[in-house]
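Asks: Those protein sequence lines, which keep their order, are chains S and B.
For reference, each letter of the first sequence is one residue, going 165 to 483 in this note's numbering.
For reference, each letter of the second sequence is one residue, going 120 to 374 in this note's numbering.
A couple of the hints might just be wrong.
[To be verified] Here are the simulated EDC-like pairs of lysine to aspartate or glutamate, each with C-alpha atoms no more than 16 Å apart in a straight line:
1) B:Lys310 / B:Asp141
2) B:Lys187 / B:Glu359
3) B:Lys137 / S:Asp247
4) B:Lys266 / S:Glu399
5) S:Lys479 / B:Glu199
[To be verified] Where chain B lies over chain S, by a calculated footprint (3+ residues, C-beta under 8 Å):
6) 188-195
7) 246-259
[Stated by the list, open to error] Taking CB as the label site, the calculated pair distances span:
8) S:Ser347 / B:Gln171: 38 to 44 Å
9) S:Pro339 / B:Ile306: 40 to 46 Å
10) S:Asn280 / B:Gly257: 40 to 46 Å
11) B:Gln171 / S:Asn280: 38 to 44 Å
Keep in mind the hints are simulated off the structure, nothing from the lab.
Backbone N, C-alpha and C fix where the C-beta goes; we use that ideal spot for every residue, glycine too.
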Amino acid sequence: MAGVWILADRREQTLELLNIGREIATRLGTRLVALVSADLNQAQEYILHGADEVLIMPPLADEQPLSAYVPVIAEEARQNDPDIFLVAGTSQGKEMAARIAARLNTGLGSDCIGLNFDETQQKLVMDRLIYGGAAVQTVVCLTCPQMATVPPRMFAPATPQNGRQGVVRELAPPPPSGVKILSRKPREHAAGDITEAKVLVCVGRGFENQADLKLAQELAETIGGVIACTRPLAEELHWLPERSYIGLSGEKVKPELYIGVGVSGQIQHTTGIRDAKVICAINRDENAPIFDTADYGIVGDLYDVLPKLTEECKKALGK
Amino acid sequence: MPRIITCFKWVIDEADIKVVADSRELLLERVSYKISDYDRNAIEEAVRLFEQHGGSVAAITVGPPAAKKGLKDVLARGPEKAYFVNDSSFTELEPAQTAAILAKAIQTRIEYDLIICGEGSSDLYAQQVGPRLAELLGIPCATFVNKLTLDGEQLIAERKIDDGIEVVALTLPALVTVLPDINTPRIPGLKQTLEANKKPIVEITVKDLNQTFTPCLQTLKVRGTTMERNCQKFGAEPTEISKFVEALLKEGVIA
Ligand SMILES: Cc1cc2nc3c(=O)[nH]c(=O)nc-3n(C[C@H](O)[C@H](O)[C@H](O)COP(=O)(O)OP(=O)(O)OC[C@H]3O[C@@H](n4cnc5c(N)ncnc54)[C@H](O)[C@@H]3O)c2cc1C
Chain S
165 MAGVWILADR REQTLELLNI GREIATRLGT RLVALVSADL NQAQEYILHG
215 ADEVLIMPPL ADEQPLSAYV PVIAEEARQN DPDIFLVAGT SQGKEMAARI
265 AARLNTGLGS DCIGLNFDET QQKLVMDRLI YGGAAVQTVV CLTCPQMATV
315 PPRMFAPATP QNGRQGVVRE LAPPPPSGVK ILSRKPREHA AGDITEAKVL
365 VCVGRGFENQ ADLKLAQELA ETIGGVIACT RPLAEELHWL PERSYIGLSG
415 EKVKPELYIG VGVSGQIQHT TGIRDAKVIC AINRDENAPI FDTADYGIVG
465 DLYDVLPKLT EECKKALGK
Chain B
120 MPRIITCFKW VIDEADIKVV ADSRELLLER VSYKISDYDR NAIEEAVRLF
170 EQHGGSVAAI TVGPPAAKKG LKDVLARGPE KAYFVNDSSF TELEPAQTAA
220 ILAKAIQTRI EYDLIICGEG SSDLYAQQVG PRLAELLGIP CATFVNKLTL
270 DGEQLIAERK IDDGIEVVAL TLPALVTVLP DINTPRIPGL KQTLEANKKP
320 IVEITVKDLN QTFTPCLQTL KVRGTTMERN CQKFGAEPTE ISKFVEALLK
370 EGVIA
């Protein structure tokens, strides 16, 4: 029966995958199938946004994780033989995709930063970062379905088209799973969205204490920026919310200006700032790798430089 | 008493990779190798649980003969024994192959209650081997775990998902992949390094596994990423700082 299948755990990502999925399905001359959790109203919305068929996963018990659906989805895929299966690259999505791929004995391109459909070969040509971002690997899948996980916000959301018709079908409830959810805690939300900010002041391990971050905050306020950080500050020290860190496993950003303060510039971090218009760095180590990827750098101790720099910016901007 | 397996990969240190500016070819002649960063957390967590609950802890890796160097390193970090699934064709395995080889080796020769893998490998970072391995072994799995407690027959794992934190219970045997903030890996000292020399290493060949492992993915090309930037440096004196600010004003990025 074939088709292009998409799976996402949230609405935004479903809409993004509907957009790229619709394009590929049309070029392949096949149907677009969206797998969604629970809500019937959403099924109609997804049909208007490009799906030909919506497969609904019936609601889970409180203690059941989303991954309980892995065997159900894999079985459904085995029966319907999709050509291509795209999954949102969220943490749950990445786990689901890897497990489904294992069950179907097929290949999976993880975290694809580029997806091209080669019509002559009927292949999804996938670009992904390797070696912490030092290189791009281009892969194709030799088995079927060709699977890929796609990071959030890589594609624009699909736009609705009036009058589209489609089929809605409910999947079987999942079998009991060996994983039981005991509790959930929602994530704390970051103050400013670093992916939208025009100016980012990024703090790194060069800061000795959390309280010292106010030095960076003052600079950020002066130049109209938002605070971002490196992974260790969010994941190990928990000084800033997790959505604040930039890089390979964090957020990719595209500000006009990025200033890395006390950031060494390891490739896994700088991969996330590649698209910044201007990159600046403040580091006391003149050999820090960040200086090789920066347009302008100040070699100096951040505790000495930041107050002076904030002052100078205030003066220059008449604040 | 849990029998724990920790999986690790011997990888190129990405910090040593140089990119040829024009061709964007990678220069790998002078690279050094290391135990993949996240796997150090996986090894540490396995050893930590072993120290708390007893049982056993073994490390396993799949790779070409050159990966042998990683075995001493891993044993110095605490595991009692290492398994090395070794073949000269195992140089550029893709995740489906690695998981299939690990599954076969583990299934046929290692008894276990818990398998711990890193979140991803620091070279390919596909984040697939752990969850794929769990599926192939038919055991429950939790990925992106940042806290792990063993409570009799149950494993309690705190996992980080996009919306927040999920605390889950897994029935053993089970597999988890761990995040870097789960622990701080110990740095082996001289004593641990000497002790490592005496620990057993079990080599397993492809022939022993009696199966072929065909890739599901094909790499068409690899090219280095480059970042062309100004690389202009200033000092920390006031005059230098004002030059820096002038440069930003000229770029029109602050206002
Ligand atoms: C697979 C993988 C994925 C990863 N993903 C990410 C990611 O997405 N994002 C990310 O950020 N990291 C990521 N990392 C981690 C990354 O490799 C680095 O370890 C991390 O970015 C380093 O953070 P840092 O620059 O803050 O700290 P460090 O590397 O410790 O650097 C601190 C810097 O501060 C300077 N410094 C110290 N004191 C001062 C002072 N008083 N004044 C001025 N400068 C000072 C030092 O010279 C040094 O250069 C990943 C790693 C791996 C293996």
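Asks: Determine for every hint whether it applies to the structure shown.
Replies: Hints versus structure:
no., hint, result
1, B:Lys310 / B:Asp141, "violated, 47 Å"
2, B:Lys187 / B:Glu359, "violated, 51 Å"
3, B:Lys137 / S:Asp247, "violated, 38 Å"
4, B:Lys266 / S:Glu399, "holds, 13 Å"
5, S:Lys479 / B:Glu199, "violated, 63 Å"
6, 188-195, "violated (count 0)"
7, 246-259, "holds (count 5)"
8, S:Ser347 / B:Gln171: 38 to 44 Å, "violated, 23 Å"
9, S:Pro339 / B:Ile306: 40 to 46 Å, "holds, 44 Å"
10, S:Asn280 / B:Gly257: 40 to 46 Å, "violated, 36 Å"
11, B:Gln171 / S:Asn280: 38 to 44 Å, "violated, 49 Å"
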